[in-house]
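Could you build all of it, start to finish, from the sequences and the hints given here?
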Amino acid sequence: MADRDAFQQFLLRMGDNTLVLGHRVSEWCGHAPVLEEDIALANTALDLIGQTQMWLGLAAEVQSEGKSADDLAFLRDVWDFRNVLLVEMPNGDFGQTIMRQFLFDAWHSIMLTRLRSSSDARVAAIAEKASKEVTYHLERSGDTVVGLGDGTEESHQRMQAALEYLWPYVGEMFASDAVDAAMASEGIAPDPASMRADYDDLIGRILSAATLTLPDARFARKGGRDGRMHTEHLGHLLTQMQWLPRAYPGASW
Amino acid sequence: MAQPSTDQVWDWLDAVPDPEIPVISVVDLGIVRDVAWAGDTLTVTVTPTYSGCPATSVIAMDIETALRDHGVRQLELKTQIAPAWTTDWLSTKGRKKLEEYGIAPPNPAGGPKHCPRCGSASVEKVSQFGSTPCKAHWRCTDCLEPFDYFKCI
Ligand SMILES: [Zn+2]
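Note that the protein sequences, when read in sequence, are chains A and B. Sequential numbering of the first sequence, starting at -16, is according to the numbering used here. Sequential numbering of the second sequence, starting at 270, is according to the numbering used here.
Some hints could be false.
To be verified - Derived lysine-lysine pairs resembling DSBU-like cross-links, with alpha carbons at most 35 Å apart:
#	chain 1	residue 1	chain 2	residue 2
1	B	Lys365	B	Lys394
2	A	Lys115	B	Lys347
3	B	Lys362	A	Lys115
4	A	Lys115	B	Lys365
Hints were generated in silico from the structure; no laboratory data involved. Quick caveat, the model's predicted, so the values are computed rather than measured.
Dropping the structure here:
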């Protein structure tokens, strides 16, 4: 049943994005520059992991092979992950982490707003819940991008460098393939390409307030959301994230 | 034992404290969405505050323990995510208790009305996130005390 497969792929894309980014952000726990930022990052990670439970929970339900969200998170290998490359990129410095968060939050907030009117009631319910949290994430990452971009010479230079480093990974969020076409034709999810104009408006406004310059290049690195080729970073992340349930199968609290 | 009325069950639940902000009950928090009998089974529908809030599973356990202590034998706890929880569902009593406890209640304007300690309206945001997912960190510029603000969502 091709449509169910496409739906499953779509749900994995949503859930793997939040899972991988949630894990990345949680790597800051106890290491952020100041306590308030540590708490903010931990809370953002928590929201993303919570959203992952809903997306991967639904993915497991649709798959109906008796698996749980945890099975999908912890027992799949790199090539089965469907997150965009952007979210698996390393944290770098605090500026790079915030820039990655902002570039993702902007896409995420537009995506969830569209998904609130999904023809699938379960998808609409998750989007409704998650979009409240993501609106808040975007407000914070956007404010911080402006604060640091339009900050000191040092912070400005670091934010510009972060933008240039991450920019090639933005395009993948708007790539469309057969899965997207199937989702769009059933009214389950928007064609990502149709969100690009809104995205450019949104980030253009904030990056300009941050006195940052958008790189010219439109070249996009791809291969995450279709699982064709992840970066080397994802495997390292998974060894950290998955070792416990793999070393001790069935372990519980 | 005769089947307790749903009103009775609501009263019992109103005595179950929120594990992270124990001055308010799970009913004050607005997360108990429905209480109903289906034959001999009591169904309690709960909605999470934030999707990743670690208190959610503790709350479910506390509700179950409280109802079992009151003699409810057959209990089903349902989780419902739609409609999504909103701070509009906080009870008036809950808002008052939050403020007395030193947490500024949610305000649609996007920030606390005044300092819960001295009442001054001169307040400033320290951080958008606080000690739990539902709170932000603010400070009073008159009495200089920091305080939690219950985020409005
Ligand atoms: Zn004060």
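query = What are the numbers of the hints the structure violates, in ascending order?
reply = none
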